[in-house]
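Just so you know, the protein sequences line up as chains A and B, in that order.
When you read off a place in the first sequence, starting at 1, and then add 332, the result is the number in my numbering.
When you read off a place in the second sequence, starting at 1, and then add 332, the result is the number in my numbering.
It should be emphasised that the hints constitute simulated quantities derived from the structure, not laboratory data.
Here the structure is a predicted model, which means the values were calculated and not measured.
Don't take every hint at face value.
Stated by the list, open to error - Once the Cα atoms are required to be at most 20 Å apart in a straight line, the calculated SDA-like pairs of lysine to any residue come out as:
hint, chain 1, residue 1, chain 2, residue 2
1, A, K520, B, D361
2, B, K520, B, Q567
3, B, K422, B, Q408
4, A, K520, A, C550
5, B, K363, A, T439
6, B, K363, A, E450
7, B, K520, B, G554
8, A, K427, B, L367
What the hints assert, rightly or not - Covered stretches of chain A, going by a simulated chain B footprint (3 or more residues, C-beta under 8 Å):
hint, stretch
9, 351-362
10, 616-627
Unchecked claim - Taking CB as the label site, the calculated pair distances span:
hint, chain 1, residue 1, chain 2, residue 2, range
11, B, N399, A, P424, 20 to 28 Å
12, B, W596, A, K422, 51 to 59 Å
13, A, V455, B, A615, 28 to 36 Å
14, B, A615, A, V624, 46 to 54 Å
For glycine and all other residues, C-beta sits at the position ideal for the given N, C-alpha and C.
2 protein chains.
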Amino acid sequence: MPNSLPHVVGLGQCSWDILGHIEQFPAVDAKTELLDVVEQGGGPVATALVALARLGCHATMLGTIGNDPYGESITQGLEAESVDCKLLQKDPRGKSQCAFIAVEADTGRRNIFWTRGEKRPFVLGAEEKATISHADFLHLDGLDEAASYQAATCARERGVPTMLDGGTCRDGTMRLLPLIDHLVVSEKFARQFCDGDNPEAALEQLSSFGASSVTVTCGADGSWTKGGNGTTFFQPAFSVKAIDTTGCGDVFHGGYLFGLLHNWSLKKTVRFSAACAALKTRAMGGRTAIPVIGEVEDFLKRN
Amino acid sequence: MPNSLPHVVGLGQCSWDILGHIEQFPAVDAKTELLDVVEQGGGPVATALVALARLGCHATMLGTIGNDPYGESITQGLEAESVDCKLLQKDPRGKSQCAFIAVEADTGRRNIFWTRGEKRPFVLGAEEKATISHADFLHLDGLDEAASYQAATCARERGVPTMLDGGTCRDGTMRLLPLIDHLVVSEKFARQFCDGDNPEAALEQLSSFGASSVTVTCGADGSWTKGGNGTTFFQPAFSVKAIDTTGCGDVFHGGYLFGLLHNWSLKKTVRFSAACAALKTRAMGGRTAIPVIGEVEDFLKRN
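Working from the sequences, and respecting the hints, build out all of it.
Structure below.
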């Protein structure tokens, strides 16, 4: 039976996150007991796919895990959210990506320590290329530079639109940028393209690579977007009492893809993304409070 | 066949430690990629027992683990060091103690985030009491207050000497102190017993609980000891280029127990302990570089 839901293929990071609340960030050489601990899957692409799955899309994860308990947990976490993991590649001698995230209890501010693990790059074979070819969207985070480039090239050849979640502009990212249709990047990424705090200048620079929409996300300070028609707009972040902001950016991307899949205007799409990200902050962990579609609609009516 | 090696029973924390080098401690709300990651067992009592096992003693671990991969790893790590884990208790619904430790690459300075996990207290039954009764020493860290008190009471009744590794003086610690023969505590613990920086005043206060030796360890600043005959002495820390100081205190306790088991003088015992701790700093992780007896002897000849 063909799946009639919109289908997003994501290629990128899937991580195992260990999060703990702390009373306050410790002085160096001090010992801090965590107030509580939450463990769950994370990673920019993986969590964006979970958001899409909760919103009612079909999502397929392409990525690499190690042959370790974290890898098992990563897979189980995605499968529990109905993300298709058939093409997840396990490196038999590899170690999975993981992160430790200390969250300050009163403020929700975080320190993130992460490792990409030790594993071979993702291998893009015939089955993976066929899956991308039949998808409605390809979502990338660019960390696995060779595989990201191959996947984006495949998508471009088959007319499948692409989004890049840019956190840090690395060596291979520049080669990837001309293959990206929708570029949604962090403030840190944008700063690598302009001097100082000038979101509009960054949008201008980033648009020159050819994407039809470019958005720079600035956390609680909102986001700046430039569309294909040249108009630029600002979307404030919704004001919420954040328990934990882990994964907000990832969920924003999930919402953005959802809007694009439904051919919404960019303004509607970005406002929807901001609502998804705001709702996510309701609980500890990057995925716990990712909303379903009804919750986002209710939130948007009230805000 | 009876085991003729000196036998130390330890009751206390056994943890799974995840350690990562960082270039420098991150600003709040920043993301830091770890330069490398080491995972291994830790915990004050568990690592002291590993030190004793490497030095050639028989060591038995009494403690609790959760029913999770960390618990499995904790057990495997101890068994690989020949620490007897037959009386380790697994809480079927419990979560193991674990820690994340960020180590600054150039300085070896650390931030330790830890959780005691969620598990039932240790149950001291007939077999556990018999094991303590036949031991040459009981080593405690006092975190599990009820079990520590019961174990120390049992040891006192049977004439088995006791050592407490005091990191933080908690509510239940005060009740435990009169049952301790050798009190080897951190600077932080000692500060709870005197105003400001006065190790000799702290030794005086701590001795009043009845221990025949009291030592306050001050990391790279050395240690202060007061013996049963009232004499007080200072042992400087050996000057080493530390890769990682995780577990130094635990290994110091292992060395101290080794000296006491061999009826060495307190001065010889503490110097030996300081050498064990210094050698431990040669590698990342609380246990990697714990020395065997020949290494300590060579080091002491050279220093």
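C-beta pair A615(B), V624(A): status relative to the range 46 to 54 Å that was hinted: Once the Cβ atoms are compared, 49 Å apart, the range 46 to 54 Å for V624(A) and A615(B) holds.
Straight-line Cα separation of K427(A) and L367(B) no greater than 20 Å? 14 Å, holds
K520(B) and G554(B): Cα distance at most 20 Å? Distance of about 14 Å is within 20 Å: holds.
Coverage of the stretch 616-627 of chain A by chain B, judged on three or more residues with CB within 8 Å: Not satisfied, violated; 0 residues make the cut.
Agreement of K520(A) and D361(B) with the hint, judged by alpha carbon distance not exceeding 20 Å: 12 Å, holds
Take the C-alpha atoms of K520(A) and C550(A), compute the straight-line distance between them, and say whether it is at most 20 Å. 9 Å, holds
W596(B) versus K422(A) beta-carbon gap, inside 51 to 59 Å or not: Given a distance of about 52 Å, which is inside 51 to 59 Å, the answer is holds.
Is the straight-line distance between the alpha-carbon of K520(B) and that of Q567(B) 20 Å or less? 18 Å, holds
Sort out whether E450(A) lies within 20 Å of K363(B), counting only the CA atoms. Holds, at roughly 19 Å.
Range hint compliance [Cβ, N399(B) to P424(A), 20 to 28 Å]: 26 Å, holds
According to a criterion of three or more residues whose C-beta lies within less than 8 Å of a C-beta of chain B, is the stretch 351-362 of chain A covered? Since three or more residues must qualify, the claim that chain B covers the stretch 351-362 of chain A holds, with 7 doing so at under 8 Å.
Given the hint of 28 to 36 Å, check if V455(A) and A615(B) actually sit that far apart at their C-beta atoms. The hinted range 28 to 36 Å holds for V455(A) and A615(B), with Cβ atoms some 34 Å apart.
The structure shown violates just one earlier hint, number 10.
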